[in-house]
Every structure is written in structure tokens, then in C-alpha cells.
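Q: The lines below spell out each chain.
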Amino acid sequence: MNKETSNKSREIVDEGLIAGVRKLTPARIEKVINQVLKKETGARLEAYINTCVHCGLCSEACHYFLSHDRDPVYSPVGKVKQTIWEILKHKGKVSTGTILKAARIAYTECNLCKRCSMYCPFGIDIAYMISIMRRICHRLGVTPQYIQDTAHSHSATMNQMWVKDDEWIDSLQWQEDEARDEIPNLRIPLEKEGADVLYSVIGPEPKFRTQLIYQAAVIMNEAGVDWTMPATPGWDNSDMAMFTGDYELMGRLKRLHFETAMRLKVKRIVMGECGHAYRSVYDTGNRWLGWKDMPIPIIHAVQFYWELLNEGKLKVAKKFEEPVTFHDPCNIVRGMGLHEKAREVVKAFCKDFVEMYPNREHNYCCCAGGGVINCGPPFKMTRITGNRIKAEQLKATGVKVVIAPCHNCHGGLDDIIHHYGLGMELKFLGDIIYECMEKPNAV
Amino acid sequence: MHGIYNFITGPLAWVSWSIFILGILYRLANITLSAKKRDGVVLNYFNLKYALRSILHWMIPFGSVNMRKHPIMTIVSFSFHISLLVAPIFLLAHVILWEEFFGISFWTIPDKVADIMTVVVIAGCLFFAVRRIIIKEVKFVTSPSDYLLLVLVASPFVFGFLAYHQWFDYQLMLILHILSGEILLALIPFTRLVHMVFAPLVRAYTGSEFGGVRHARDW
Ligand code: SF4
Ligand code: SF4
Ligand code: SF4
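Chains as they are written, first to last, in the numbering used here: chain U, 1 to 443; chain S, 444 to 662.
Source of the hints: derived by calculation from the structure; they are not laboratory data. The reader is advised that the hints may include incorrect statements.
Distance condition first, Cα-Cα at most 25 Å in a straight line; then the derived DSS-like pairs of lysine-lysine [as the list claims (entries may be wrong)]:
#  : chain 1 : residue 1 : chain 2 : residue 2
1  : U       : K192      : U       : K313
2  : S       : K579      : U       : K89
3  : S       : K579      : U       : K101
4  : U       : K292      : S       : K579
5  : U       : K31       : S       : K512
6  : U       : K164      : U       : K91
7  : S       : K582      : U       : K315
8  : S       : K582      : U       : K38
9  : S       : K480      : U       : K101
10 : S       : K492      : U       : K91
11 : U       : K38       : U       : K91
12 : U       : K351      : U       : K380
13 : U       : K265      : U       : K318
14 : S       : K480      : U       : K38
15 : S       : K480      : U       : K39
16 : U       : K39       : S       : K582
17 : U       : K341      : S       : K492
18 : U       : K439      : U       : K318
19 : S       : K492      : U       : K89
20 : U       : K319      : U       : K292
21 : S       : K579      : U       : K23
22 : U       : K292      : S       : K512
23 : U       : K315      : U       : K395
24 : U       : K292      : S       : K479
Being a predicted model, the structure only gives us computed values, none of them experimental.
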């Protein structure tokens, strides 16, 4: 791709970013940048900036770079050059144009997937530096409109999708009703104190993907799990504030989520199939709150399924016939090492499992993560053209069913599958389990 | 000429070694303090087992996926760094100096080997420079300072090579060799060459996070 086309397709049409930079003054830019750099960064940034030898080896890791025919503006270190190096070089005295460009790069041209950390000879964490840029943009009020709307929703309702308190309960009762046609004794217990498991989901589940709540209830019921869901805010484990750079809000969200579990005195939290939410509860939000570990154990659905399977509580009734492949979501694989457990579950339920390459820790990100898909329609093509390599990777498997235990991955992969005409079907692990498990209580 | 020689092998040598050692200690102290004060995660999540796992793994040639993807770079990079460290420390002529100044003595490598290693270092610098020019993602992040660093690193080896082979004016080459070596030493703590001491720290932290928290490999 030559320079002109690459610039044209990257013209910014996002209202949030444009309105945000209009309000900036040079003095404010300088002040905010230096506040963040001086008060919120330390050893890591210093070590990364001074250790990086500008060798470009991290480029090999990034799906944006690989998908744009090795265009250097998309290489991990290239993105740091256009953002962090730029503000460091000028000690914060940069133009609004620089901030606009830096915001576009930080929010929409990096998924914070951390693959590049595994390709840098020093292990430099590029995603961390991009996050610093996002933090600065947030503090400057320059954030993409759509993702900022989800952050507003978090702030006002403590969930990502403006779901009202009664709508949440309604959705659960509606799914309980539906499921009782299939399994008459099924319940979705609300506010049950002292249950073994608190099940938490992300905002989009009650909003668009209620069947997932249905399926989770069936799995819990048939595996005989003592579980509950909260009837109060705190049920949503998702976190777009972490991605806009609004760490204060991230802290509020995570605190409420953990405190809801503690209020109900459950033994642990199990969360649905979401990657970024796992990152938020396990790696980012807890740290912001000053908790080295989690105040209450929390596990991802993949690990939970694996446990149920190994304890014999989840039994396979029939095998999924069609050949399937598995997409390793960064946040639970590079972020938690669940790749082998996920494969064990897939292989238990599916007859024919085909690996995609590269896989496990080295899998390519779906290009939706890091909040990029939440930046909405203005950046849809950024994700699709930015991940041609994923389309090639999926196509090479030759199978028609992709399992991805992550909400964002579904959104991202869905767009890629359609745009590149791959004709593949996406499934959650829960979809497969629901379809193939033994349901002793079903009529 | 003799006066200059005495000066650079006497007072100047002490000065450059002092700057080198104190500079490195200063950078290390500074970064540790900064980690303590403003970057708590670094020390809190440090995990010796996984730090060592990562460091050792990345010391194995072709041990990581990316090293296998860039075989020539891997070979050049390993032989360059090994030669860069081994040649100056174990060269017979240098070991004699060690003995003279500090009374410590250790084994040496044959001059022939040191000679080859010197060529490897110079060729490595050339290779890195050419890479900066012809590979577009490297060119994009290259600034003049990157070339300067290469010149800085190559100089003592170039002049050392010329002096050893007695090309041009031996005295002059020897003086330039010593002088450029001293400049290099003194600048290591204050340029990106500080990666010499920061690299293991960064790897240790990344290794700790990947192994201890994320239960994943980092290579
Ligand atoms: S998208 Fe992933 S690989 Fe690319 S720069 Fe960001 S973190 Fe690195
Ligand atoms: S691979 Fe590491 S050292 Fe090399 S340019 Fe990328 S971040 Fe810098
Ligand atoms: S959406 Fe999925 S693949 Fe993409 S960053 Fe998140 S977990 Fe990774």
C-alpha cells in the first residue's frame, strides 16, 4: 500500500475524537501529558524507552502490520514512535494534530493483545505504552465516540449497555421461563446467599445474546452446580473504561463486581466467555484497586467447563460431528494460559478438531480486542483491513466451524468472515457443550 | 605522542571506567527506586523462577519463534554480542593490563580468535547499519542516533584491528583504539547502550508476568 492510500483510508471521521481535540489548547496538552508521565509512569516506561534498540523485530508479531503488507506505520514499535516517542521528544509540547493522530493509533490500531511482547528480544510491553497514550487521551477528553458511550453507560448504570436494573432481572426471568420448557426444574437463582458460584456476564448478554444466559443456566442446572446471579448492579464484569484509559471508573466497576460477590458470600465467581472482562478482573482492575490477587477467586468459563468435565459433572451425550477449529483469545491464553484446557474441552465434545496456525500463545488476535470493536462503525474497516492475515489463517484450516470463547472475538471474527467471504460459522464453547451434553432433567 | 598515550592509559582510563561503573550503578539505583515509588507492580509481581526461565530461554540461539523467523539476524546478533563481550575481556593484551592495574589475571583467548571476533563485531555493525537502510520497518524507527551508536561500538574494534595488524600508523591507531574504547565505556550508561544492563531486568519482569501471572510462555 502506498502512502496516499494508507493515509486516505485512515482519515478520521469520528465525532468524539474531532470534538475532543477542538477543545484543546497547547497549554492543556502539555500539562496533562506531563502529569501522566510524571505521576503515573515510572520504571517500566523508562526501561522500555531506554532498552528499545529500534530493531523492528517486534513487527513480525502484529496482525495490522502483516495485513498491510508490512507497512511500517502499523508495526508495534512504529506505533510507539508515532505516539509515545513523539510526546517524549517534545516534552508534551505537541499539536492537536499529533494528539488526534496518536488517539487514532492508540484506540483503533492496536488491540493491546501483547503478542509483540513475545517477539521483542527484550520482551518490551508495547501494549503498556499504547495504554499510556490512551490514558493521556482520556485525560484530554479525546476518545472515540462509541466506546466513550459505553464508558458513560458503565458510569451511570454500572453496566456497559444501558441495561436498567429491572430489565436485567426481567431478562433472567425470561430466560428461566424459556428454559423451563426444556428442563422443567430449571432455576436461575437470584441473590442466593452462600452459593458456591456467582455467575457474572458482560452487558451485551442480557441485551443481545440472551441465549447464552439460557445455555449457562442449563449447564449449571444439569451439572448440579450451587450457583446464583445478583439482582443488583455489579452483575456486569465487562470494562470498557480500562480501554478508554478511565482507570478511576475501571476501579469503581471492579470494586462493585467483587463486592457484589462478597455481599452474597459466594465461594467464587465464574464468569462467562469473555476475554477482555477476564483481563479486567484478573490483571488490570484488581491491580488498580491495590489488590495483588483477587479478593475472591474468579475463574473464566473455559476453566469452569474444564473442571466440570474432569469432575464428571458434565457428561458428553454425543459428539459434535462437523470439523471445528479453535481460536485462542489473547486475554485468556496469552493472559491466563487456558489454551490446553480449552482444547481438552473441545476435543471431549467434538469429533474432528483442526488446529489453526499459528496457535496457542502465538495465535493472531481477532482485531476486535482492546476496545477497538467498541469504537464502532467509523473504524469497522480498520479492523477488517487490519486483519486480512486472520482471514487467511481461518481459511487455511478448511473447516466451517470456528469456536471462540470470547465475546469480542466473535464480533471481530464475524466481520472478517463476512468481508472475506469465508462462509464459516462461529460458536461459543457453551454453544457446543449445550448442544452435546447429557441433560438428565430434560423432558 | 607518548604524553598522550600516558594520559589516556592513565588518568583518562580511570575516569572512563569510573563513569562507566558509577553511571551503571546510578541507572540501576534510579530504576529500582522508581519501581518502588511509582511502579509497584514491577517488584510486586517479580518472580525469580519465571524471570530466570525467560532470561535463560532467550539466551538459547533459535529458542524463540521470532529467532527462527529471522535466522540471519539471529546468527549475526548472537555472534556479534558474544564477540563484543568476549574479545575485549579475554584478549591477551587486555588481560596483561588487568594484571598491571588490578593484579587480577584470568585465562585468555588466542590472538587469532580475538582477531576473528573483532571482524565479527565490525561486520555485525555493518549488517545492522545496512538493515536500517533496507528494511522499511527498521528504517521507519531509525534516527541518526542509531547510526551514531553503531559507530561508537565499532570504533574501538576497527582501530584495535588496524593497530593489531599494524596498518597505517601503529601508534596513532593504538591511541584511537584506546580513546574510542574509553568514550564507549563512558557513554554506555547514558545512551540506549544501557540495554546491556536493562535487558535482563526487562526480560525478568516480562518473564515474571508471563509465567507467574498469565501462565503462558513468552517466547
Ligand atoms: S495489536 Fe497486538 S501485536 Fe499489534 S502492536 Fe498492539 S499489542 Fe502489539
Ligand atoms: S523488538 Fe523490542 S527492541 Fe526491537 S524495536 Fe521492537 S520493541 Fe524495540
Ligand atoms: S477480542 Fe479476543 S482475540 Fe481479540 S484481544 Fe480480545 S481476547 Fe484477544
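Q: Does K38/U lie within 25 Å of K582/S when you go C-alpha to C-alpha?
A: violated (30 Å)
Q: Holds or violated: are the alpha carbons of K292/U and K479/S at most 25 Å from each other?
A: holds (15 Å)
Q: Taken at face value, is the distance from the CA of K89/U to the CA of K492/S at most 25 Å?
A: violated (37 Å)
Q: Is it true that the CA of K315/U sits at most 25 Å from the CA of K395/U?
A: Violated: K315/U and K395/U sit about 32 Å apart, past 25 Å.
Q: Can you confirm whether the C-alpha distance between K480/S and K101/U stays at or below 25 Å?
A: This hinted pair is violated, its Cα atoms lying about 32 Å apart.
Q: Would the hint linking K351/U and K380/U be met if the CA-CA limit is 25 Å?
A: Roughly 35 Å separates the two Cα atoms, so the pair is violated.
Q: For the pair supplied as a hint, K164/U and K91/U, is the alpha-carbon distance within the 25 Å limit?
A: The hint is violated at about 44 Å.
Q: Keeping to a limit of 25 Å between CA atoms, is the pair of K192/U and K313/U held or broken?
A: Satisfied, since the Cα-Cα distance of roughly 21 Å is no more than 25 Å.
Q: Mind checking the alpha carbons of K39/U and K582/S for me, to see if they're no more than 25 Å apart?
A: violated (33 Å)
Q: So if I understand the rule, the pair passes when the alpha-carbon distance is 25 Å or less; does K439/U with K318/U pass?
A: holds (11 Å)
Q: Need the status of pair K582/S, K315/U: alpha-carbon distance at most 25 Å?
A: violated (56 Å)
Q: So if I understand the rule, the pair passes when the alpha-carbon distance is 25 Å or less; does K492/S with K91/U pass?
A: It is violated: about 38 Å lies between the C-alpha atoms, which goes past 25 Å.
Going through the hint list in order, the structure does not satisfy hints 4, 5, 6, 7, 8, 9, 10, 12, 13, 16, 19, 20, 21, 22, 23.
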